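2 protein chains.
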Amino acid sequence: MARDYIDINTLKFQLFEVHNLEEILQNKKFEDHSTESISMYLDSVKEFSDKEMFPYIKEMDEKPAYFKDGTVYVHKQVATYMKKGGEMGLFAATFNYNDGGLQLPFMADQAATFIQDAANNHLPGFGALTQGSAELIVNFGSEELQKKYVPKMLVGTWQGTMCLTEPQAGSSLSDITTKAIPTENKYYKIKGQKIFISGGDYQYAENVVHLVLAKIEGAPKGTKGISLFVVPKHRINSNGTFTPNNVETIADFQKMGQRGYCTTHLGFGDVDDCYGWLVGEPHQGLNYMFLMMNSARISVGRGAAAIGMAAYQAALEYAKERPQGRKLSNAGKKNPKEKQCLIIEHPDVRRMLFLQKSIVEGALSLVLCTSKYHDILHTTTDKKEKEKYNLLLELLTPIAKTFPSEACAVSVNNAVQVLGGYGFCTDFILQQYYRDIRIFALYEGTTGIQSLDLLGRKVTMKNGKAVALLAEEIHKTIKNAAKIEILNEYGEKLASELKKIQKVIAFLMQYAKKGNYERFLADANLFMEMLSYVVISWLWLDMALKAKQKITESDNTYSVDFYKSKIKTMQFYFKYELPKTTSLTETLMHKDVITIKTEEKMLF
Amino acid sequence: MARDYIDINTLKFQLFEVHNLEEILQNKKFEDHSTESISMYLDSVKEFSDKEMFPYIKEMDEKPAYFKDGTVYVHKQVATYMKKGGEMGLFAATFNYNDGGLQLPFMADQAATFIQDAANNHLPGFGALTQGSAELIVNFGSEELQKKYVPKMLVGTWQGTMCLTEPQAGSSLSDITTKAIPTENKYYKIKGQKIFISGGDYQYAENVVHLVLAKIEGAPKGTKGISLFVVPKHRINSNGTFTPNNVETIADFQKMGQRGYCTTHLGFGDVDDCYGWLVGEPHQGLNYMFLMMNSARISVGRGAAAIGMAAYQAALEYAKERPQGRKLSNAGKKNPKEKQCLIIEHPDVRRMLFLQKSIVEGALSLVLCTSKYHDILHTTTDKKEKEKYNLLLELLTPIAKTFPSEACAVSVNNAVQVLGGYGFCTDFILQQYYRDIRIFALYEGTTGIQSLDLLGRKVTMKNGKAVALLAEEIHKTIKNAAKIEILNEYGEKLASELKKIQKVIAFLMQYAKKGNYERFLADANLFMEMLSYVVISWLWLDMALKAKQKITESDNTYSVDFYKSKIKTMQFYFKYELPKTTSLTETLMHKDVITIKTEEKMLF
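Residue numbers (the numbering used here), protein chains in the order written: chain A, 200 to 803; chain B, 200 to 803.
One thing to keep in mind: the hints can contain errors.
Which copy is meant is left open, so a pair is good if it fits within one copy or across any two.
[Claimed, not checked] Okay, derived cross-link-like pairs now, DSS-like style, lysine-lysine, Cα gap no bigger than 27 Å in a straight line: (1) K698 - K713; (2) K800 - K538; (3) K678 - K790; (4) K745 - K678; (5) K692 - K796; (6) K420 - K378; (7) K763 - K282; (8) K536 - K250; (9) K211 - K800; (10) K585 - K749; (11) K682 - K763; (12) K682 - K796; (13) K585 - K227; (14) K745 - K420; (15) K538 - K698; (16) K779 - K262.
Note that these hints are calculated values from the structure, not bench results. The structure presented is a predicted model; accordingly, all values stated were derived computationally and were not measured.
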């Protein structure tokens, strides 16, 4: 078992120095907080994670959640996490004081949850879903619903869930069939089935509050006819006692990873006795859900980045302790009497470690950057600023979900490789991270869905205004880099990358303009990958700039080596990862059309 | 569970048409065989695999091998496989008649084992290791050793193993410490420990014959002092009874994948009563082992390609049956009343399927190509031809091991993604293939070790003669493509890729010439990746040529669609994969040096 799971200095450097949380704290809403108090909050979360989360990660994998006689059983640490985490305010962090919250910026909450994810990625989902569903009720539900459900959720006594997917529909929400039948009372009767419901039921949850997408009878077809309901496992009587609400757990899903985090198949109203209460207006369910979905997607990216971080720490620790082989520098005169070197001294091992570092810290930076935009969007009163950050956030959210999910899986794969055969063995944690992280490219909209969203909706939005705004932000960084001798060339490289992106967009837009959406979107996935490299390179250049500034100022918050390592890792990313855009451009603009004209009989 | 695991037509097309087994069968050694008889042999192996292998793959994962009270317990199907497989001659296929073999070409044996690997990758290793260690004894052992051990091994009654790795040494064989102490008798006393020994011990093996690398007392330091020994679990008395040989199973390794294939930690001679018999000459052990290691490495590639094939078949089956979403071609006028389409109709799903097909069949082609070279090398009497195929084989073997291991892992990852959330669930087989295949980049020399071998030894060998010979072979294909209108441009592209490779080699060789091996080899891994794309593109162009020829000849061995699909998949590989060499060239020739000058303190 590795000794640690996070480089907390890097997290704080990014939060406080690179992404300058201070700017957000200027807002009156956050006047009670300071960088010092938030730094202390992170320390207390780290302490909690050290004690209550990290020690259980392996055990939660080895003794997975299971389903028996209608009930789901999870590891007992889930109960401890929900109780103690609730007491600490972890699930209420971003809520306003009058909702029982800590009124923290989203950025700070993301940083705190990143620590938890890195410590034990099987636990934070229970809290995050509870927080997310409580947010839906607070934002769109009636005061009555808020009073009834939110307080118990924010302290972790009641679990919250999001119920979207159905067996026949998968990613295609327009095809959901769960019905809501109006009654003469305030409630609807709910009938249908939902699958892949994380935290959907378990023995320790006093109640489970499901936020369910369903169609009111007679609603329009497609996504326009979807409404949102609160459907508790137990109805709450006026005296506070419970009545079962005919929400049954039909089965669970046994998974390759995140095995401590239960996933359920739920049935609503099989004996016609399931009540649901409408949230907000009828037929607005998907709009409400998607307002939350954006931050949920950033959170998926955060989780993946955190697993990548934990795997990197474990691989780094191993590489610094394991002797094996001789240095390549002596290859010409190999001397078997020479002592073995540590594997971190082999260039290829270093390459694998730098690759992990560059991906993981790049992914974290994207998560914090989008989280900051989220904070600005939700606090600014300036209309123009609101529009700007809304567009930037819309554009970057699918990337913030996808890049960490895909690239950190590659990163973890490299961490496994650093350990050699031991990486494949269950005595070491790496193989678990390898399994755990695989779900992130599927959660909350697969990579394919995110890529269609990015190219099909976000790039084309308002005539490409979001991309133009992003280019402006990147050019600010390039301008700053131009002033620093050792960074200037990387800024220039980035400027040429932006031109490539624009060339590819112009090429693809031809097809969109002709109404040939299939051709336009066929390689959306590759476009996602290409834009991701550019965005992460931008964020790395920004980190290098900040590090360089700290060295110049002789700021000793962290060591000089710490700052230098940021510049080195930026250079690594520009050498090893960014050049991939050249090949992607070649493919994206290739004349051969393979995947749309081909009939399926070509595939054997 | 998927219904099938292999496209047998593609295997036969490659073996008989593309790689023309017929040419090998011309050799007198194989005069009893014909393409028809070998096709029938493959059919019988397929039937055997359908019945005795494929039905058990999931169960072998769910009830993994385990260690208890000094014994390893494996699934009972291991016993059936070794017995029935032995009776069929599966493990004796390549041996000469007088050794009890079927005297089949290596190519044909590889094709037959590919079927078994695809059916259930947890089983063939038991046979392959037995076959490999018997080969070592036949090639280098005394007649006495041959008579004593080989017959029982070839029928699967006795298990064979290869014991190389030790806890303190890993990939660095020069650091092994297992000792062989000469006695006054014919045997040595063996003392030491070996780890990661596949098939090292289990309840059904009547005896286990270990081929052990050890150092005779007083031997030279380093790899030069390594000898090879036969060390049985039970010594065979003159009357055929057994005496325990003080080989103890200390523990097993529990793994993330291939859980039915046991991996052991063995102790030799802890009470000083372990006898070992020298194979061949003292201090030649590593040479002997490496002669076998080359075919073992091709076999690792074969196993990875086979898992990729099985995963592709499962994903393809799912994509052809699962309805979800609407066609992108109607995106402008989405109509929710329209019926859902099958997911294979989505371009991105097709892209993922073509990617898998192109990687898996490309990998198979490389395995068969190198296997054919192996056959030529071992049958030709022409000295020049022998040198040529020896060099080609030396060059291509690290690629044949590495490309399938790395690229088919990516392929399986895409197969998981095709299934969406179900891909992550244990009810479906994909997640198992995802775990199983991860070991292949570690087996028999990691990707890092293979890459050092490729660039450091094979490319530089005889002043680059192996690369020149490969270029010649590729130019033959380019010349043939030039005659066919639709293929000509792909040939031209390939010619330009060869120039890129030569440019990169020339660039890197500067450093080798200056004795700067660290700089020369630091990015060997990327060079491996780059050369792999070119080699696989060459093999695809060759497959497309053969398919085009069959269409022209109206050969109806397979359908026209079957042949067309090969051309389409070649085009896919040239559009989506081959362009990656451009970026790799940029990185390989980049001025920044990150991984060799960096001190380890740069890595946090």
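Against the structure, the hints:
1. K698 - K713: within (23 Å within a copy, 39 Å between copies)
2. K800 - K538: Between copies only: 21 Å across chains, 59 Å inside a chain, cut-off 27 Å.
3. K678 - K790: Close across copies (23 Å), not inside one copy (36 Å); limit 27 Å.
4. K745 - K678: within (14 Å within a copy, 55 Å between copies)
5. K692 - K796: Result: close only across copies, 23 Å inter versus 36 Å intra.
6. K420 - K378: Answer is within: at 12 Å inside a copy they meet the 27 Å cutoff, but 77 Å across does not.
7. K763 - K282: neither (42 Å within a copy, 61 Å between copies)
8. K536 - K250: Cα proximity of K536 and K250: none, with 45 Å in one copy and 54 Å across.
9. K211 - K800: between (54 Å within a copy, 19 Å between copies)
10. K585 - K749: neither (31 Å within a copy, 63 Å between copies)
11. K682 - K763: within (18 Å within a copy, 56 Å between copies)
12. K682 - K796: Answer is between: at 26 Å across copies they meet the 27 Å cutoff, but 50 Å inside does not.
13. K585 - K227: Answer is within; shortest intra-copy Cα gap is 17 Å, inter-copy 81 Å.
14. K745 - K420: neither (52 Å within a copy, 51 Å between copies)
15. K538 - K698: neither (51 Å within a copy, 41 Å between copies)
16. K779 - K262: neither (41 Å within a copy, 42 Å between copies)
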